[in-house]
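So the sequence shown is numbered by full-length UniProt numbering: it starts at 1 and just counts up by one.
I should point out that these hints are in silico values taken from the structure, not numbers from a laboratory.
Please note: incorrect hints may appear among the correct ones.
Claimed, not checked - Below, simulated BS3-like cross-link-like pairs (lysine-lysine); rule was C-alpha separation at most 27 Å, straight line: (1) K43 to K54; (2) K43 to K105; (3) K105 to K54.
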Amino acid sequence: MRVIGNIIWWILGGLLLAAAWALIAVLLCLTVIGIPLGMQAFKLAGLTLAPFGKTVAYGGGLGSTFANIIWILLVGWWMAVGYLAAGLANMVTIIGIPFGIQSIKMAQLALMPFGSRVVRRLR
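Can you make the complete structure from the sequences, with help from the hints?
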């Protein structure tokens, strides 16, 4: 199911969105100040490329919390709202529910990427 879900995800725009995230990450990494933000954008690109079969493990300490607060204020809130809106729109149909769940997973990561890791689900 993971492979089929990811292929359908790519066809419906996941591949284009992952490429956009990767481009944003590369542009952010051109400056020293943007490198931490670029690394988070690469994390979002990786999850966006193949969300089925992956989960997000949250953790981190005080530094991650501080970085997440700044992230939320600058870009995280509107990115999370966009993913949440896409997820809810996908959940209108029964066929779209798995894709909506993946969008909501990405909304959580888009809100607080610092201190989190994308890990492969063992199933």
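Against the structure, the hints come out as follows:
1. K43 to K54: Within the cut-off at roughly 12 Å; holds.
2. K43 to K105: Holds. K43 to K105 sits at ~13 Å (cutoff 27 Å).
3. K105 to K54: Cα-Cα ~10 Å, so holds.
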